[in-house]
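Q: For this one, chain A is given, so just place chain B on it according to the hints.
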Amino acid sequence: MIARAVQAHTAGELQLAERLSLGLLEIMPTQCDALRVLYEIRKSNGPPNAAETLLRRLIAVDPNDFKATCELALSLMNSGGLAEAELHARNAVRMAPENAQAHNLMGMILTEAHKPHFGEYHYRRALHLSGGRDPILMANLAWNLKNQGRMEQARQLYVDSTALAPNVWQTLLGWVRLEEADRQFDQAAAILDHAEKQFPDCAKLLLARAVLLRRTGNFEQALAALDQIARLSSDGALDADELLEKAALLDRLGRYDEAFSAIEDANHLARRALGHDYLAEPAQGLATRLKGFFTAERLRNLPRAGILAAPQPIFVLGFPRSGTTLVEQMLSAHPRISAGDELPFIEEITAVMPRMFSSPLAYPEALAELWMADFRDGLDDLRDHYLRRFRQLNLMERDTAWFTDKMPLNETHLGLIALMFPGAPLIHVLRHPLDVVLSVFGNNLTHGFFCAYRLETAARHYVLIMDLVEHYRREMALRYLPVRYEDIVDDPESSVRRMLDFIGEPFDERCLQFHENRRFARTASYAQVTEKLYARSRFRYRHYLTQLEPIVPILRPIIERLGYGPV
Amino acid sequence: MDLCSNWMDAASQHRAEPTIHMVPLPLVSVLKIAAEYEHAGRYDDAAELLRTILEAVPNQRDALHLLGVLAFRKNDPLAAMRLMEQAIAQGASPALFWRNLCTLYERTGRYKEAMAAGRRAIELDPGDAQAQHNLGIAYYRLLRIDDAVACARRAISIDPTLAVAHFALAEALLVQGEFAAGWEEYEWRFQIPDAGAPMPNTDRPQWDGAPIANGRLLLIADQGFGDVIQFSRYIPWVRERCPDLVLACGGEMLSLLQHNFPWLPLTNRLEPSGHFSAFCPLSGLPRLHGTRLETIPATPRSIYAVPDRVADWKRRLDVLSPGPKRRVGIVWAGRANPPNRSVSLSMLAPTAMPDGLVLVALQKGPAQREIAGYHGRAPLINLGPEIADFSDTAAIIESLELVVTIDTAVAHLAASMGKPVWIMLPYAADWRWLLGRCDSPWYPTARLFRQETPGQWEPVVARVAEALSRMSAAFPACSGIETSCGSRCA
Chain A
14 MIARAVQAHT AGELQLAERL SLGLLEIMPT QCDALRVLYE IRKSNGPPNA AETLLRRLIA
74 VDPNDFKATC ELALSLMNSG GLAEAELHAR NAVRMAPENA QAHNLMGMIL TEAHKPHFGE
134 YHYRRALHLS GGRDPILMAN LAWNLKNQGR MEQARQLYVD STALAPNVWQ TLLGWVRLEE
194 ADRQFDQAAA ILDHAEKQFP DCAKLLLARA VLLRRTGNFE QALAALDQIA RLSSDGALDA
254 DELLEKAALL DRLGRYDEAF SAIEDANHLA RRALGHDYLA EPAQGLATRL KGFFTAERLR
314 NLPRAGILAA PQPIFVLGFP RSGTTLVEQM LSAHPRISAG DELPFIEEIT AVMPRMFSSP
374 LAYPEALAEL WMADFRDGLD DLRDHYLRRF RQLNLMERDT AWFTDKMPLN ETHLGLIALM
434 FPGAPLIHVL RHPLDVVLSV FGNNLTHGFF CAYRLETAAR HYVLIMDLVE HYRREMALRY
494 LPVRYEDIVD DPESSVRRML DFIGEPFDER CLQFHENRRF ARTASYAQVT EKLYARSRFR
554 YRHYLTQLEP IVPILRPIIE RLGYGPV
Chain B
2 MDLCSNWMDA ASQHRAEPTI HMVPLPLVSV LKIAAEYEHA GRYDDAAELL RTILEAVPNQ
62 RDALHLLGVL AFRKNDPLAA MRLMEQAIAQ GASPALFWRN LCTLYERTGR YKEAMAAGRR
122 AIELDPGDAQ AQHNLGIAYY RLLRIDDAVA CARRAISIDP TLAVAHFALA EALLVQGEFA
182 AGWEEYEWRF QIPDAGAPMP NTDRPQWDGA PIANGRLLLI ADQGFGDVIQ FSRYIPWVRE
242 RCPDLVLACG GEMLSLLQHN FPWLPLTNRL EPSGHFSAFC PLSGLPRLHG TRLETIPATP
302 RSIYAVPDRV ADWKRRLDVL SPGPKRRVGI VWAGRANPPN RSVSLSMLAP TAMPDGLVLV
362 ALQKGPAQRE IAGYHGRAPL INLGPEIADF SDTAAIIESL ELVVTIDTAV AHLAASMGKP
422 VWIMLPYAAD WRWLLGRCDS PWYPTARLFR QETPGQWEPV VARVAEALSR MSAAFPACSG
482 IETSCGSRCA
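Those sequence lines, one after another, are chains A and B. So the first sequence is numbered by the numbering used here: it starts at 14 and just counts up by one. So the second sequence is numbered by the numbering used here: it starts at 2 and just counts up by one.
With the rest of the complex left out, here is chain A (with noise of 0.2 Å):
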């Protein structure tokens, strides 16, 4: 029966091989071949969410499967799930340690999770294990250098690549993408100018070519690239980034309901795409656990880590989309003042902890270890842990005394930071929320439980996350600055000295030439960073008050505790 599911899906008769597959697996749940061929279907033409549990299936039944590991890694990584994909994508390196394929997965996703150091070690091992010229691998690195701002290694990566494989396309864009995001937009349109010729209707050339036409001004020509990417696609229409990219050029434009529409068909397609949606419950359990733990009461009765004089981080907090890139590229433009970019560190640790401090709890309950004889300096650990991290990333400059480290919602384990580095400035970008909800909508954004895919699940997560600052305010003594990302734009030296002296650092004149800061700020804020400052961004939500009108209520009441006027 099997073998005939097998021949049956090779001879392209799916709907055979599929209930061959499912009959065998009805008497047989654990037949792993019957789970490769159903994988299979599902992968070319089921949701995502059923290639996957196929795959758990076939690694529940053998551990040791490496292919099935591989596969669920990328399928992870690709629907945004990088945490977990990490998690088998370094079961696939203990597995295979002289992979080269296993190596490159582990880049591809520590390049994507933030990590684009630890990323750039496996890409040269991969690259070492295939013998040093492969150029896929090395457009691979190539990318993770980009992240790491390593502009011009990235560079002479691609024209390495390209010399070897002069026709890949991932590879033209990734060049491509690089040469923008270092405001190259000539060298970024000749690239272009070559890979269309060799693949003229590749749709993600032309998205490539719509973002550089909008970044140079010609809104219009960006959006007759799209209108091409439309003509070409099987159905006429576009997929969730050209539709975010198109709502960014009609709101240029102000055409602000048909952006908005866009924004709105580009989550719909997103949500179906991936199989995400908000998850609630963990969310609320997540902030109901901290809120418990957390108290005022408990706190007098925790030790806080000591403080080294190492460098010290400055954590610039804020929901995605607040101006905490903003607030980064401005302060590091200090000479005292490294760039940490957005650390992956602090959720690292809440992971770890209970591992570290020996708890049968979860974090945050297991930071009841701490008071136990042999964990009364587990905060000390955490703290080191967290800086030895980010010592394997080299990102410290000469001469710094603090690096910022922006990744958002790191508020929401806020409590956590103070134990940790009680003498940390927190900065806290805040903006106003139905711009941040806007904006965060608008964006392709996997934060916060996957709230960005709904307008009204982004309102909400930006509720709870803010009453957990609140909370947190309440009940413990924090070295906090709230800043205005409205203020920054107003008045931007003003902004930067009160932040400068809140850290301890004198005013320099470098912070306000920020956009001059050759820095690459990887987030969906990089080129805006690049500009000077702007007030079409302050108040955007006035464009799209009718279709924000549902979450107003959601909102109102921390509308007004922030202190902005009526909607």
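Think of the hints as simulated: they come from the structure by calculation, not from any bench. Heads up, some of the hints might be wrong.
Claimed, not checked - Restraint ranges, calculated between C-beta atoms of paired labels, are given here:
1. Leu-558(A) to Arg-302(B): 39 to 45 Å
2. Gly-267(A) to Gly-324(B): 45 to 51 Å
3. Leu-436(B) to Asp-393(A): 45 to 51 Å
4. Glu-49(B) to Ala-96(A): 40 to 46 Å
5. Arg-569(A) to Glu-453(B): 34 to 40 Å
6. Ile-297(B) to Ala-323(A): 51 to 57 Å
7. Gln-183(A) to Pro-325(B): 52 to 58 Å
8. Ser-30(B) to Gly-298(A): 55 to 61 Å
9. Arg-285(A) to Pro-325(B): 35 to 41 Å
10. Gly-267(A) to Ala-463(B): 56 to 62 Å
11. Arg-285(A) to Ala-463(B): 53 to 59 Å
12. Leu-558(A) to Pro-325(B): 43 to 49 Å
13. Pro-325(B) to Gly-298(A): 51 to 57 Å
14. Ala-323(A) to Gly-252(B): 37 to 43 Å
Cβ atoms here follow ideal geometry from the backbone N, Cα and C, with glycine treated the same way.
A: Relative to chain A, chain B alone:
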């Protein structure tokens, strides 16, 4: 068999459709029952009866009035005021309604209306001592102190045992600096109904100020924490007359008082204070001392923080606000009584604070929650959750340059420590801040910022902010704070 049993038996035979017999009662009887409920503290039962009356007889005057009284009892003076106004609007209202309305207007900050209502009550019943007292309070709130004194004296002449009127007279005399007569009237405070009795249940006498050579004197830290701090300056004077002393005080004060009076046995319970020959509340010491305006025992510093705690808190503050920052302690709310002395944090910490300032919140209690909603320019450190007692507060104050506060215990503590303290006062401030002054003979380092219009805090806060800006411009951080206010009141 009694009536109640008869009804139960009948009901048990007709479970499906029990018959409810309606027994008509005269309105006055129902009102009487409602009033009895109110006296017994059964407010919900009383309210239900009154609402039943109002359903049958809308706008029934007495029911509206009593419902207003209930709303007041349930701490809703605004609703009480509206009901009382509605009752009076029905016409032919007795003096009692106007008397009560006077109090409600006073509690809700409508002092001129309170004055008018009080006058109307007296017109209707000039012999009502309580109405005279209520009107006197309204006058006090408007700083018409002579009128307040006259009202209190009239009330006392009608009813010499009316303790609240004596106390009101005391406050009106003391606020004018007439300490000799004021202290005598002030002794009535323990006779006020519901004022609480800090005195021990004892046959021992209250101390008269004469030396006690062979006997123990029990001092009682009565009234609020601010009073304890203010009057603790008299303890050395008492010791000269009664070497054998013991002080009963709240747990929050123990550590601080122990440090400052290491020779003084302390207890935080009255019962285990052992045998004593006489007792005396701390708030009674100024009278026994014979304090007059010109003889207030004011030293630059009477309270010291515990050095170990100072070191601990300094380390904590140096972590939370390192560098040469100007640390300003703030307190914006006190207990509900006396009313009108609290502001909101959002009002106290305006966005136009000068740069280089760090606000250190010393606030305790429910108002501490307001910190979560603070998004002003100056960083604000919430130390409230970590403050266990007044020793902590004193130790923190030691690391501050200035304390800006409403009239609460922290004001007395900072001032007793000789720290610059700026105190924001309501229009009719407590007697100890006297009248029209921007300094205090009790505290050389205190600077008073008074309301110029009842209820108007914004101009007060603006003057404080302006003074902070001037201070920031004139003095770099850590170089000292101006404490005098010159000839002009802030």
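Q: Give a verdict on every hint.
A: Now the hints, each set against the structure:
no., hint, verdict
1, Leu-558(A) to Arg-302(B): 39 to 45 Å, "violated, 59 Å"
2, Gly-267(A) to Gly-324(B): 45 to 51 Å, "holds, 47 Å"
3, Leu-436(B) to Asp-393(A): 45 to 51 Å, "violated, 58 Å"
4, Glu-49(B) to Ala-96(A): 40 to 46 Å, "violated, 58 Å"
5, Arg-569(A) to Glu-453(B): 34 to 40 Å, "holds, 35 Å"
6, Ile-297(B) to Ala-323(A): 51 to 57 Å, "holds, 54 Å"
7, Gln-183(A) to Pro-325(B): 52 to 58 Å, "holds, 55 Å"
8, Ser-30(B) to Gly-298(A): 55 to 61 Å, "holds, 57 Å"
9, Arg-285(A) to Pro-325(B): 35 to 41 Å, "violated, 57 Å"
10, Gly-267(A) to Ala-463(B): 56 to 62 Å, "violated, 42 Å"
11, Arg-285(A) to Ala-463(B): 53 to 59 Å, "holds, 57 Å"
12, Leu-558(A) to Pro-325(B): 43 to 49 Å, "holds, 46 Å"
13, Pro-325(B) to Gly-298(A): 51 to 57 Å, "violated, 44 Å"
14, Ala-323(A) to Gly-252(B): 37 to 43 Å, "holds, 42 Å"
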